[in-house]
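Protein chains: 4
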Amino acid sequence: MSQEPLPTSPIVTAEDPIRVTNPLPVPSSPAPDVLRCASMELVVTDLAASREFYVDVLGLVVTEEDEEAVYLRSMEEFIHHNLILRKGPVAAVAAFSYRVRTPEDLDKAVAFYKELGCRVERKKDGYVKGIGDSVRVTDPLGFPYEFFHEVEHVERLAWRYDLYTPGALVRLDHFNQVTPDVPRAVGYMESLGFRVTEDIQDGEGTVYAAWMCRKPTVHDTAMTGGDGPRMHHVAFATHEKHNILAICDKLGALRRSDAIERGPGRHGVSNAFYLYLRDPDGHRVEIYTQDYYTGDPDNPVVTWDVHDNQRRDWWGTPVVPSWYTEASLVLDLDGNPQPLTARTDTSEMAATIGADGFSYTRPDDDAPMPEYKQGEYKLGHQL
Amino acid sequence: MSQEPLPTSPIVTAEDPIRVTNPLPVPSSPAPDVLRCASMELVVTDLAASREFYVDVLGLVVTEEDEEAVYLRSMEEFIHHNLILRKGPVAAVAAFSYRVRTPEDLDKAVAFYKELGCRVERKKDGYVKGIGDSVRVTDPLGFPYEFFHEVEHVERLAWRYDLYTPGALVRLDHFNQVTPDVPRAVGYMESLGFRVTEDIQDGEGTVYAAWMCRKPTVHDTAMTGGDGPRMHHVAFATHEKHNILAICDKLGALRRSDAIERGPGRHGVSNAFYLYLRDPDGHRVEIYTQDYYTGDPDNPVVTWDVHDNQRRDWWGTPVVPSWYTEASLVLDLDGNPQPLTARTDTSEMAATIGADGFSYTRPDDDAPMPEYKQGEYKLGHQL
Amino acid sequence: MSQEPLPTSPIVTAEDPIRVTNPLPVPSSPAPDVLRCASMELVVTDLAASREFYVDVLGLVVTEEDEEAVYLRSMEEFIHHNLILRKGPVAAVAAFSYRVRTPEDLDKAVAFYKELGCRVERKKDGYVKGIGDSVRVTDPLGFPYEFFHEVEHVERLAWRYDLYTPGALVRLDHFNQVTPDVPRAVGYMESLGFRVTEDIQDGEGTVYAAWMCRKPTVHDTAMTGGDGPRMHHVAFATHEKHNILAICDKLGALRRSDAIERGPGRHGVSNAFYLYLRDPDGHRVEIYTQDYYTGDPDNPVVTWDVHDNQRRDWWGTPVVPSWYTEASLVLDLDGNPQPLTARTDTSEMAATIGADGFSYTRPDDDAPMPEYKQGEYKLGHQL
Amino acid sequence: MSQEPLPTSPIVTAEDPIRVTNPLPVPSSPAPDVLRCASMELVVTDLAASREFYVDVLGLVVTEEDEEAVYLRSMEEFIHHNLILRKGPVAAVAAFSYRVRTPEDLDKAVAFYKELGCRVERKKDGYVKGIGDSVRVTDPLGFPYEFFHEVEHVERLAWRYDLYTPGALVRLDHFNQVTPDVPRAVGYMESLGFRVTEDIQDGEGTVYAAWMCRKPTVHDTAMTGGDGPRMHHVAFATHEKHNILAICDKLGALRRSDAIERGPGRHGVSNAFYLYLRDPDGHRVEIYTQDYYTGDPDNPVVTWDVHDNQRRDWWGTPVVPSWYTEASLVLDLDGNPQPLTARTDTSEMAATIGADGFSYTRPDDDAPMPEYKQGEYKLGHQL
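Chains as they are written, first to last, in full-length UniProt numbering: chain D, 1 to 383; chain L, 1 to 383; chain V, 1 to 383; chain G, 1 to 383.
Worth flagging that the hints you see were computed from the coordinates, not collected in a lab.
Careful, some of the hints might be misleading.
DMTMM-like cross-link-like pairs, simulated, lysine to aspartate or glutamate; straight-line CA separation at most 20 angstroms [said to hold, decoys possible]: (1) G:215 to V:298; (2) L:215 to D:296; (3) L:215 to D:298; (4) G:108 to V:296; (5) L:124 to L:104; (6) D:87 to D:65; (7) V:129 to G:33; (8) V:215 to G:296; (9) L:87 to L:65; (10) L:129 to L:66; (11) V:114 to V:33; (12) V:124 to V:334; (13) V:87 to V:33; (14) D:108 to D:33; (15) G:129 to V:298; (16) V:87 to V:115; (17) V:108 to G:296; (18) D:215 to L:64; (19) D:108 to L:296; (20) G:215 to V:66; (21) D:87 to D:46; (22) L:215 to D:33; (23) L:108 to D:296; (24) L:87 to L:46; (25) G:215 to V:296; (26) L:87 to L:104; (27) D:215 to L:296; (28) V:215 to G:33; (29) L:108 to L:125; (30) D:87 to D:334; (31) D:129 to L:298.
Please build the complete structure, drawing on both the sequences and the hints.
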């Protein structure tokens, strides 16, 4: 990131390329043509409790279920599911699942990941209900990625306003992954055909997080710097902001407000309105609405200064520490939790919280932050 | 469309392919890779009056202007403009402008349209400010289509909430074109790489309108059956429904409510929330929000029965006749209005209004419509 | 109303007192202290169908029910009910029920109406469940008015967001009554302690409608000129405008869009956002949100010109004729429908629709209205 | 407050009367008939900076101004002003101003406060522009209260949607005052004709705060326990929740997010949606929408348990300490700051934050709160 003084204009948008110092090899095999993030398979320890959270509280629709798993979709979805809750001994993520454009893209996925030296498996009848021929890999970052094209169509409930709840979730929007080396992860994802839309850096070029898309929204997935591989969150979209507020109100009415971890608020990055919840296993779910179109190949990348107090929340609301430190385990293809590799770069929390961290509201302003804005970075001296 | 009784489910979604009886040839040259509808060039007869409407009333942002033209963009746009108001003697559309993925796609556009026998022109420095190398054609349907890639980047105002108005327009969403033979137009657009997302048909296979996209929304353009070539409307998106209501409220406060032609309402087709305005020259502008993702190649097509009273307005509000009959002229590459060819298929208004037309709210219900819902199709007997 | 030219400012707010030429006597007995409109008792011909409409579609909450009647309340109500559906042979209104401040106000109501020569009845245990000591009268205009203080308290569901629907009704807002002589009705209501907040007049002093309040909103009831006594509508409030749109969306999904008679739209009078529905018996229900505080004794009265095309709908949307002509019967204290007295003053529909009627968008503007705005007053020539 | 187990229902609504142990005398003179809180006079140290905050950022409308003072009103107001910014050496509140029903109520105010032994002044031409005959007192709690009836009418801008901003403030809603002995303050306010709608207590009967109204909303003023007399905040209403979010977005765009002290969020008490800002002098302004009707004399009082983590924020978001500890000085009738009296009862912050404080989300649940909900009461151990 440029060392020059930041502009006094309201937005910190100095675009700066991410430098990868330790890149993964780029396969010579062409990448599969990924359409979008399509589904996540979550392992949950209490299936009834999880079903109650996602169905009764959040209003996702059950496409199909049995004693081992519940298949859920959002109101505007026409494929079989966007979320699978599967009963298991350890809360974790079994698959980040992407849809590809054609059946042949699965052959490309196999070749692409084999060339990367990854463990690759394929099942003609699919690993889960509703989905046909599928490839599952442990990717170079340790994440269980799935690719599929064949899928059962179900009713798109977009017009079924008789079924909408005040907080209706209409679309799976994105994943967010925790990985130690963000530039390395970005390089790999770019070889898979993803494009960076926004990132957070500091003046020394440390990259704290990056957002990348296939479909023309701000992201299909993001890479967040931290000990990984872990799943930071999965995000569903609503139509409007009041839908997100309605979810909070309902959680209050159910005396489950402790499921609200962070927000609601306006993101700096992505410009979307957001809310973070924690499900009964602690899996983090974001509710998200109104980012912007990113489909042009020269879509401007927005690089945020890590010290900008509005980067994570445009209103300057402090980020709770748990949001930085906690995330879900991910599984290998045998169903065992992946071991974690520690981040060696500075953590975003350390850069902005505590004795050595700092943040600003106005880049050129030496005035102290008011006490009520110091939660994020001066926790030790709050009272 | 199937002659079988319509389902009792709330949505008429029998998918039915459009049969083209009089197709245009499909060029052997590959089509240019169109990203999205990007801009419209409108000829207006009173530049000051039009500027006042689009800037002071609707809040579009002026990127650049001179005595001949005003270049406008929406809040989330990063290219130079989405709308050009150009002073001229006859209100008309000078260009429907699409952005293509690469500079080389302009060569493809030239070859594609030459093979179709169209008049094709190209200007390395562009026809308008802010845009470089451009191709303009009179397409086989008589419309002035423009393709470009090179464009000047300007500030994306997405985060500039200090500039937002209550009815802020954030994105150009789509065009809508009037043409006599909808299936023929659809065939041509499919050869250009567009994909149908929804259409309106009757039991005899007459196609009244079709919606087609490149970016994954319901449309980048739609073909509406009628005497053509004419421009039916250009549409801008807002974030939320209340933004659209705020535009109506403001027009009321300005004592300009007669600029509201139809709506606000909920579309059946597209499921979006909408409003139709008429600018000082009578050009129709739609304000639009919240359709759905259509980016998968097997995205289900929704075919609506022309007699379904909820197809154009989900709430059954009658369509005003002017919406069916009035549209803007389009220009040839010399700037002269294109002559019109009459539609020979049944018109949607005739099929649904008047002594011989009919509509229903429930397909299996013989009960008469209440008087207040008969406006659309029983105008002669309204009182 | 002043004959002077109307201001060019956007709002027609020339305040003009209503002149009563044929007043009712003002009782010497003090009027009861009315708190607010509190409940309506509706006679419905198909109790199951009505229950389905008000409970399953509109989401009112059942406090209590039996085979003869259903008692319903809105989300923020703490008294037993706001609406009673009672099975009966003829669709009609059995009671417009007002709550008074103290038990002693019932004695005042008895004396007040006896002095007016009205039929007055009283029942210590109340006429309906949940309500104690009550007075029922046939008022001088022929309406069945009820007054009560004692009432069973029930849970105020305001915080129960787990029970909210997207279109949740939170409060009974007002009644609207049809009566031939509006000034005479206003005079009577003023003697009962109501205060006019807005009205519609013409340049000759004809009064077409008047809005009157006890609680500090625009009205607890309105008097609409027409053959009467009849009930024009009963209105419930939502929190926000999107709640009203959600009701329309749901009616569309249920293929019941023909229940939508008029709107949604923004009223000129009251400045509220509105929607008019018709229940299975044709009783009209308004959904209403966001009028303004009127509690100061010198609250400015807003007088609208009957020819102002934005008075009934701020966006100039034509009023459907049925809204002017149709209304519900009301019952006498024996349960028989009241005979109607014809209005002799000009009707609002005649003044604004048809060969002799006229309306304007801008008072000083001779330009013709566009075709799509002529629905209200040029129906015969619409096509 | 009852020691019995709290209900498992979502809302803590055990109604419990406030016991006053140290009451003020109740005057034998009748209280003036207060209509509503009508205006606050704020002393600000930098008039230009304050004007910019209230006019350019928040969109209040200037009725009149000179070099010493700016008179502001909200969009639906018809009296001269709701807020006065007056230049002065020390930031403070010069007057909490209430409108009374009649001119004669000023005589009552004089007698009422004289009987209470208060300093009372009266000015026939008013203390400020736009207001006539006025009484100012230092009330028994040390607050500068003003009463007036005569006031200049100005244009009610309710219909002027051409002037609305995305975060338009439509009405002054309430004051909030800090005073050491809440029950004593409540007793005094009840003698002035106010009625309690909600309060916060603990199991030992300590009262932490109480809300009281004249107009039928949750409050015209509230008494918050703390060192006093001080002004906690003044609140303006918006129409909808998105208006409040728009204010946050705009503050972010202006790089003034540090003006946001707390929220936005949903209150438990009042059920309203809220936001707290701090103006350039640190005066706290609340933006508020959608509480409920309280006009019936038997309106149920809602008593909240001080340990209920959803009482102040229905979503359980921790209250920032500054919100508890900081407030504005108030002036005596000579313009000098009032000295403070310390609260001797337990403070709400102490009861809920720190080693000895506790809060719960579910009353019967011994599970520990998640870390991200502990900010309010376990600040010392947050990391």
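Hints and how they fare:
The suggested pairing of residue 215 of chain G with residue 298 of chain V holds, with an alpha-carbon distance near 15 angstroms, which does not exceed 20 angstroms. Straight-line distance between C-alpha atoms of residue 215 of chain L and residue 296 of chain D comes to about 10 angstroms, which keeps the hinted pair within the 20 angstroms bound. Between residue 215 of chain L and residue 298 of chain D the CA atoms are separated by roughly 15 angstroms; this keeps the pair inside 20 angstroms, and the hint holds. Among the hinted pairs, residue 108 of chain G with residue 296 of chain V is consistent with the structure: their alpha-carbon atoms are about 18 angstroms apart, no more than 20 angstroms.
Taking the CA atoms of residue 124 of chain L and residue 104 of chain L, the gap is near 13 angstroms; set against the 20 angstroms cutoff, the hint holds. With a CA separation close to 12 angstroms, the supplied pair residue 87 of chain D and residue 65 of chain D stays within the 20 angstroms bound. Among the hinted pairs, residue 129 of chain V with residue 33 of chain G is inconsistent with the structure: their alpha-carbon atoms are about 35 angstroms apart, more than 20 angstroms. About 10 angstroms separates the Cα atoms of residue 215 of chain V and residue 296 of chain G, which keeps this hinted pair within 20 angstroms; it holds.
Distance hint between residue 87 of chain L and residue 65 of chain L is fulfilled; the C-alpha atoms sit about 12 angstroms from each other, no more than 20 angstroms. Restraint check for residue 129 of chain L and residue 66 of chain L: the C-alpha separation of about 11 angstroms stays at or below 20 angstroms, so the hint holds. The straight-line distance between the Cα atoms of residue 114 of chain V and residue 33 of chain V is roughly 17 angstroms, inside the 20 angstroms bound, and the hint therefore holds. Annotation: proposed proximity of residue 124 of chain V to residue 334 of chain V holds, straight-line Cα distance about 18 angstroms (limit 20 angstroms).
For the proposed pair residue 87 of chain V and residue 33 of chain V, the alpha carbon gap of about 31 angstroms is over 20 angstroms, so the pair is violated. For the hint pairing residue 108 of chain D with residue 33 of chain D, the CA-to-CA distance comes to about 9 angstroms; that is within 20 angstroms, so the pair holds. The suggested pairing of residue 129 of chain G with residue 298 of chain V holds, with an alpha-carbon distance near 19 angstroms, which does not exceed 20 angstroms. Annotation: proposed proximity of residue 87 of chain V to residue 115 of chain V is violated, straight-line Cα distance about 33 angstroms (limit 20 angstroms).
At most 20 angstroms may separate the alpha-carbon atoms for a hinted pair to count; residue 108 of chain V and residue 296 of chain G meet this at roughly 18 angstroms. For the hint pairing residue 215 of chain D with residue 64 of chain L, the CA-to-CA distance comes to about 31 angstroms; that exceeds 20 angstroms, so the pair is violated. For a cut-off of 20 angstroms, the pair hint linking residue 108 of chain D to residue 296 of chain L stands: about 18 angstroms separates their Cα positions. The hinted pair formed by residue 215 of chain G and residue 66 of chain V fails the criterion: a straight-line CA distance of about 37 angstroms is larger than 20 angstroms.
Using a Cα cut-off of 20 angstroms, the hinted pair residue 87 of chain D and residue 46 of chain D holds, with the two alpha carbons roughly 7 angstroms apart. Straight-line distance between C-alpha atoms of residue 215 of chain L and residue 33 of chain D comes to about 16 angstroms, which keeps the hinted pair within the 20 angstroms bound. As the CA atoms of residue 108 of chain L and residue 296 of chain D are separated by approximately 18 angstroms, the hinted pair is consistent with the 20 angstroms bound. The hinted pair formed by residue 87 of chain L and residue 46 of chain L meets the criterion: a straight-line CA distance of about 7 angstroms does not exceed 20 angstroms.
Straight-line distance between C-alpha atoms of residue 215 of chain G and residue 296 of chain V comes to about 10 angstroms, which keeps the hinted pair within the 20 angstroms bound. Between residue 87 of chain L and residue 104 of chain L the CA atoms are separated by roughly 32 angstroms; this puts the pair beyond 20 angstroms, and the hint is violated. Among the hinted pairs, residue 215 of chain D with residue 296 of chain L is consistent with the structure: their alpha-carbon atoms are about 10 angstroms apart, no more than 20 angstroms. For the proposed pair residue 215 of chain V and residue 33 of chain G, the alpha carbon gap of about 16 angstroms is at most 20 angstroms, so the pair holds.
The hinted pair formed by residue 108 of chain L and residue 125 of chain L meets the criterion: a straight-line CA distance of about 18 angstroms does not exceed 20 angstroms. Of the supplied pair hints, the one linking residue 87 of chain D and residue 334 of chain D holds, its CA atoms being roughly 15 angstroms apart against a limit of 20 angstroms. With a C-alpha separation of about 19 angstroms, the suggested pairing of residue 129 of chain D with residue 298 of chain L holds against the 20 angstroms cut-off.
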